[in-house]
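Trainee: Residue numbers (this note's numbering), protein chains in the order written: chain A, 402 to 744; chain B, 20 to 316.
Just to be clear, a hint being listed does not mean it is correct.
[Stated by the list, open to error] These stretches of chain A come out as covered by chain B in the derived footprint (C-beta under 8 angstroms, 3 or more residues):
1. 458-466
2. 532-546
3. 657-671
4. 705-711
5. 715-729
Don't read these hints as lab results, they were simulated from the structure.
Remember, it's a predicted structure, so these values are computed and weren't measured experimentally.
Yeah, the Cβ is synthetic: ideal placement off N, Cα and C, and Gly gets one too.
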Amino acid sequence: MADAGAVIAAVRHSEHARHHSLTGFALAFIVLGLLFAAVAAWRGDVFFFRLATEALIFGGLALSVDVLLGYTGMLSLGQALFFGLGAYVSALVLKNVLPSFWLAMAVTLAVATLAGFVAAVISTRARGVYFALITFGLAQVVAKVVFNTPSLGASDGIIGIPVITIDLVAFDVDTASAAAFFLFCLAFVMALYFLCAYLARTPAGRVLAAIRSNEDRVPFLGYPVGLVKVLAFVLAADVAALSGALYPMLRGFVSPELLYFEVSGNAVITVIIGGMGTLIGPLYGSVLIVGLKSVIGSYTTHHLIVIGTLFVFAVIFFPQGLVGYFKPPLERRLAARRAAVRA
Amino acid sequence: MHGLIDALQFIFAPQIVNGLSIGVAVILMALGLTIIFGLLDVINMAHGEFYALGAYLAVSLLAAGVSFWLCLIIVPVLMLPVGYVVERLLIQRVFDRRDRHVLTLLLTFGLGVVLEDAFRLIFGPNTVRMETPIGGAADVFGMYFPNYRLFVMAIGAVIIAVTWVVIFRTRIGAMVRAAAHDRQMASSLGVPVARVYSATFAFGIGLAGLAGVLLAPIYSVFPTMGKDFILLAFTVVIVGGMGSIKGAVIAGIVLMQVQALASLYISPVWTEPLLFGVMVLVLMWRPQGLFGKLGNG
Numbered sequence: 402m403a404d405a406g407a408v409i410a411a412v413r414h415s416e417h418a419r420h421h422s423l424t425g426f427a428l429a430f431i432v433l434g435l436l437f438a439a440v441a442a443w444r445g446d447v448f449f450f451r452l453a454t455e456a457l458i459f460g461g462l463a464l465s466v467d468v469l470l471g472y473t474g475m476l477s478l479g480q481a482l483f484f485g486l487g488a489y490v491s492a493l494v495l496k497n498v499l500p501s502f503w504l505a506m507a508v509t510l511a512v513a514t515l516a517g518f519v520a521a522v523i524s525t526r527a528r529g530v531y532f533a534l535i536t537f538g539l540a541q542v543v544a545k546v547v548f549n550t551p552s553l554g555a556s557d558g559i560i561g562i563p564v565i566t567i568d569l570v571a572f573d574v575d576t577a578s579a580a581a582f583f584l585f586c587l588a589f590v591m592a593l594y595f596l597c598a599y600l601a602r603t604p605a606g607r608v609l610a611a612i613r614s615n616e617d618r619v620p621f622l623g624y625p626v627g628l629v630k631v632l633a634f635v636l637a638a639d640v641a642a643l644s645g646a647l648y649p650m651l652r653g654f655v656s657p658e659l660l661y662f663e664v665s666g667n668a669v670i671t672v673i674i675g676g677m678g679t680l681i682g683p684l685y686g687s688v689l690i691v692g693l694k695s696v697i698g699s700y701t702t703h704h705l706i707v708i709g710t711l712f713v714f715a716v717i718f719f720p721q722g723l724v725g726y727f728k729p730p731l732e733r734r735l736a737a738r739r740a741a742v743r744a
Numbered sequence: 020m021h022g023l024i025d026a027l028q029f030i031f032a033p034q035i036v037n038g039l040s041i042g043v044a045v046i047l048m049a050l051g052l053t054i055i056f057g058l059l060d061v062i063n064m065a066h067g068e069f070y071a072l073g074a075y076l077a078v079s080l081l082a083a084g085v086s087f088w089l090c091l092i093i094v095p096v097l098m099l100p101v102g103y104v105v106e107r108l109l110i111q112r113v114f115d116r117r118d119r120h121v122l123t124l125l126l127t128f129g130l131g132v133v134l135e136d137a138f139r140l141i142f143g144p145n146t147v148r149m150e151t152p153i154g155g156a157a158d159v160f161g162m163y164f165p166n167y168r169l170f171v172m173a174i175g176a177v178i179i180a181v182t183w184v185v186i187f188r189t190r191i192g193a194m195v196r197a198a199a200h201d202r203q204m205a206s207s208l209g210v211p212v213a214r215v216y217s218a219t220f221a222f223g224i225g226l227a228g229l230a231g232v233l234l235a236p237i238y239s240v241f242p243t244m245g246k247d248f249i250l251l252a253f254t255v256v257i258v259g260g261m262g263s264i265k266g267a268v269i270a271g272i273v274l275m276q277v278q279a280l281a282s283l284y285i286s287p288v289w290t291e292p293l294l295f296g297v298m299v300l301v302l303m304w305r306p307q308g309l310f311g312k313l314g315n316g
């Protein structure tokens, strides 16, 4: 049985290296974000702050797609459903109930958990492409209904969402201040990231990875596949909805476009380009995509041709994505350093 | 009694005919999807965009002075090489990788994104209207039906029948079914599997293009027309059973009748959730859909 011990040690070792390299990417992301904030604040900028905040918010959505796709192997083509749900719930609470950040977040979380559970029961019974198509259909149907519901503003959406002050115990953040709200969103989205990264390392998270590897085998090992899949789906729904809830605070309005397939599809593109199964990759991917859209957008409105083509090339030639491509060298360097420390 | 007959004649019958004519078009789309899935295991997310491409080609050809009837032949023929090239360049590249289900879905999805934006770039974002090639209405037992819808139903039925004959009664069809059943075995018996794959994909794309031409005069032509239609086609394919031709035809007829008749009672906005609900129920009862895979009928 010495061999089994050696295998376990090797697996632990490689998991350690993987975890450390990904944490490295996450810390680098925070540092880059702070650097950007410093430069932008020095230049007295607003536009790029808003753009970067949008990248973070859509990064949160992409993160939720990666929780499903990268960890469990479930391709969701309807994650915009929860993103839009979060945006609408947050907008309604802020506008009609109370302009309180924490109340909006709490209500969003409750509604998203419930909706996520219902959607999970419908969709996680199906596998593979069936799952993808059901999530696609669910989002499409809900988007149509919202688009045609006058009390939700129908095609116009909801406008006039008030500027709020986020009450953090030590200090307040005003959403009207581009810099402060950017820093807040950076902290918020990174908190979501670290939560997901932590959950992925718990026993339940390991079952997710096992399901991705071989779904038929897992039940024989005594793990409840159905339950774990539902939990993963609800987690992803919550992450997407909480990210979406930030959107009306940034832009002051919500519209049915947030629920459309374009948003879901964009999130999938972001995950693939950033690095599937890394969780931090989607955040880098989102910065890349939002930045690219903005740059191309200044020349032409047809940015989708460029991004779609880029995506197709990424799937064929570059399936590990940005972070996936740079991870192995970093892992090797970390492993070498550990070896050097030990020696 | 008189009221009932009137209701049948003037309310239900036209709706049923409407449902049938849309149903036939949806079945053409669903046939392409289901054949491609049954043989290649590929979900073609760009199918809706190929449908739109067919419609746009028809619009351009009409503008160039080609008659509608010629379009019905030219457009599908033009679509065949497009489908062939797409299969060769995109699908084949990832076909042997482990998670090819997801990869091919992503590839065709990316292609759809590019195509849709290309339509917007080339033809503009606005809706293009098309003259109805057959005007007037036919008087059937005192009920008036637009001639063009009757024509769509007839030609659709013919195409469905031809597809069935080709797949189940010809040598080529036998090759397709053999390749779907067991790729290695078919290959070792001399079936040129790679070419059969490409040709089948091209055939499915051709059907989508044909559906685009046929429906362009009924709906209008706009860049996102595929997105609106593809969900219906997917619903039909899932309910009928992925890869089943019989399933696509039956589910297409039944679901479109449900939609047509339900819209008499509920707002048309809610008919799509209704169909989707039917699909979810079917999936809970039979996860593989009503009928089995290609080759089993």
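Trainee: Can you name, in rising order, the numbers of the hints this structure does not satisfy?
Mentor: Going through the list in order, the structure violates hint 1 alone and respects the others.
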